[in-house]
Amino acid sequence: MRAADAFIKALEKEGVEVIFGIPGGAILEIYDALYDSNIRHITTRHEQGATHAADGYARASGKVGVVFATSGPGATNTVTGIANAYMDSSPLVVFTGQVARHLIGNDAFQEADITGITMPITKHNYLVTDPKSLLRIVKEAFHIASTGRPGPVLVDIPKDVSQADIEFEYPSKIDLMGYKPKYEGHPMQIKRAVELIMKAERPIILAGGGVRISNAQKELTELAEGIPAFVVTTLMGKGAISEYHPLCLGFVGMHGSKYANYALSESDLIIAVGCRFSDRTTGNASLFAPNAKIIHIDIDPAEIGKNIRVDVPIVGDAKRILSQLKKMIEYKQRKEWGDKVKEWREKYPLKYEKDGFKPQFVVEKACEFFPDAIITTEVGQNQMWAAQFFKVKYPRQFISSGGLGTMGFGFPAAMGAKVACPDKEVIDIAGDGSFLMNIQELATCVHYKIPVKVFILNNGYLGMVRQWQQLFYKERYSATCIGCEKMSFEKIAKGFGAIGITVEKPSEVEDAFKLVKENYDVPVVVDFRVDFKANVLPMVPPGKGLKDIIEVEV
Amino acid sequence: MKYTIAVLVENKPGVLARVASLFRRRGFNIESLTVGTTEREDLSRMTIVVKGDEKVLEQVTKQLNKLIEVIKVSDVSKDAVERELCLIRVNSPPEKRGEIIELANIFRARIVDVARDSFIIEITGDEDKINAFIDLMRAYGIKEVARTGKVAMVRGGKNGK
Ligand SMILES: Cc1ncc(C[n+]2csc(CCOP(=O)(O)OP(=O)(O)O)c2C)c(N)n1
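The listed protein sequences derive, respectively, from chains A and B. Residues in the first sequence are numbered from 1 upward in steps of one, following our numbering. Residues in the second sequence are numbered from 1001 upward in steps of one, following our numbering.
The set of hints was computed from the structure by calculation and includes no laboratory data. Any given hint might turn out to be false.
[Stated by the list, open to error] Calculated lysine-lysine pairs in the DSS-like style (CA-CA distance at most 30 Å, straight line):
1. K358/A with K547/A
2. K132/A with K1055/B
3. K306/A with K1051/B
4. K63/A with K391/A
5. K1055/B with K182/A
6. K180/A with K1072/B
7. K342/A with K393/A
8. K494/A with K533/A
9. K180/A with K1143/B
10. K1072/B with K182/A
11. K306/A with K1072/B
12. K1062/B with K1002/B
13. K306/A with K1096/B
14. K1012/B with K182/A
15. K173/A with K1066/B
16. K1051/B with K1143/B
17. K218/A with K391/A
18. K1066/B with K293/A
19. K1012/B with K139/A
20. K1072/B with K191/A
21. K358/A with K494/A
22. K180/A with K1012/B
23. K191/A with K1062/B
24. K1012/B with K13/A
25. K173/A with K1062/B
26. K306/A with K1002/B
27. K547/A with K1055/B
28. K1051/B with K9/A
29. K1012/B with K173/A
30. K306/A with K1062/B
31. K1055/B with K199/A
32. K1051/B with K180/A
33. K132/A with K13/A
34. K474/A with K491/A
35. K449/A with K393/A
36. K180/A with K1055/B
37. K494/A with K505/A
38. K1096/B with K180/A
39. K132/A with K1002/B
40. K132/A with K1066/B
Full structure from sequences and hints, please.
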């Protein structure tokens, strides 16, 4: 059987439903084989779009996202998407075509050493040098991408390998000598954690993206209620507990609320779950939660103690460990702590200036109109406003590029999320700058009838950078004015065959949202011409501790 | 502080690049790195000497363990036999030959090549011994030095696996 046909059969066995990609010479054999398959293929307009779409698909569905790209430029175009997935532990398998084996190393047409290039940004990668190993590698790739701490795996397939003749023998078992993820937490450490929890007077849970990955929302919420402990989340952790839950204090860190940052800083016990203590979350690490003991639950042992000292490390799967902890702890009232947090919450709510047309207002209204929608974001101010003002209910509702901070991620990711969840409204909350970075995928959305919505908070600037220039570079606005208010996203959208709407003032927002609702089946781009001077606040300046926070003056 | 770690890996193409890339990317400082096959054809052993504190050692170990092809990482800084091989080309004018041969004998080094006016001397041993020998040879004029970097194995019954 032709290796390419066996390969597609293997993908069917893995349960692959959809592939995002763009064909080309080196991967033509595989595309030819795909022609006979029922697997859906979405031809994006850029390989970066394909990779982000597969990533969005993976985050929304919990399944592995699959990408096809040809050799050389096709492969290198996937690099940003792969790095993005790597930083946020998203399971992807990227298949790239490669020049024929005898040409490798000769600078052949469209040759790039993509395994070399992606080594530092993949969980693992393969160059298939023997057709007989192809199916085993496919099996391993899906296994590695989706187990333990998930991540992207790249498989580079030379053209002559996909043309070779092989038997279809799909392995049922996998034995990787050096890869045995550990799921059960160590009983001794769990016991020590329980002791610390019972002793704590001011406990708090810091929930990260690992809670979503291990599908542990229920377990986390029950543990929080059982202790009881307040919960703060990282950006990736949004949805680890419903943000409407009374114990949830929303997200912390550089742009977290003052009360969430205070509560984390003043706690005497932090139970960190599936989070990696990124500098955006901790602020200056040496000033982080000085009086707190720290329990750190993570499936990746290398995360423990990497950025922040840890008192009790528990390596394993969050879902299992949280439910074990829940069974072993007892409820204990901690009234003083509860009152204190309540006081902060009332004293320092999230707020913004109300004059003019504020982006925060758009996000707040969007949350009212589309409370169950999946929200993706671009990167910059739009992302932080979405994190602050869009309250999410369920774990895979908020999809954002956390680790790499990739402008241009949100829109293709929305496309992937919509493919994964066709019954959900999917909205990309965008900046004008970011949206332009993968705007070509509008063509894909229109062509395949993937009706995502894009809400552009158009401030005509690379807003977040402008904000830093204002606050830390003496208002020297070098290279951040991009002038999008002078062009028409409405017309651009229409040009692509989507619906475009321009909104100039707050009073028009509701009507625009109603129009969006009426057009459930069509891609819609709404250009909100917001006040360009709006800043994301509160803010912990870089290098400062979490309590050293700049607030809005209203 | 210097640590010596023994890394057992699958003997596959690209593994060395993966390990080296990990060190570079994470900013770990490699002092030396040696690789060779083991008693099993499908496995290789790397001996890596890395500079840093205990925190660095911990991260190096954990990050190496994350690589799919890495089977076992052990800190063999203590209680291990460590050896390095070194080749030295040194000037050997006729009137000095006797001295050099004598010194080589004291260090249990071997002269493996004799040219008209130079020797190549082979020496194995721990780092200090080799450094000491190189220092002695300087007096005669060293033309070239090639060192392998360390290989290490834990003493006694433990097989480091
Ligand atoms: C690909 C990429 N390039 C550059 C940056 C640096 N950067 C971070 S935020 C930002 C501005 C984003 O502008 P826009 O998308 O208009 O969003 P806003 O901040 O105005 O909401 C830039 C340039 C980045 N994060 N990603």
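Numbers of the earlier hints that this structure fails to satisfy, in rising order
2, 9, 13, 28, 34, 38, 39
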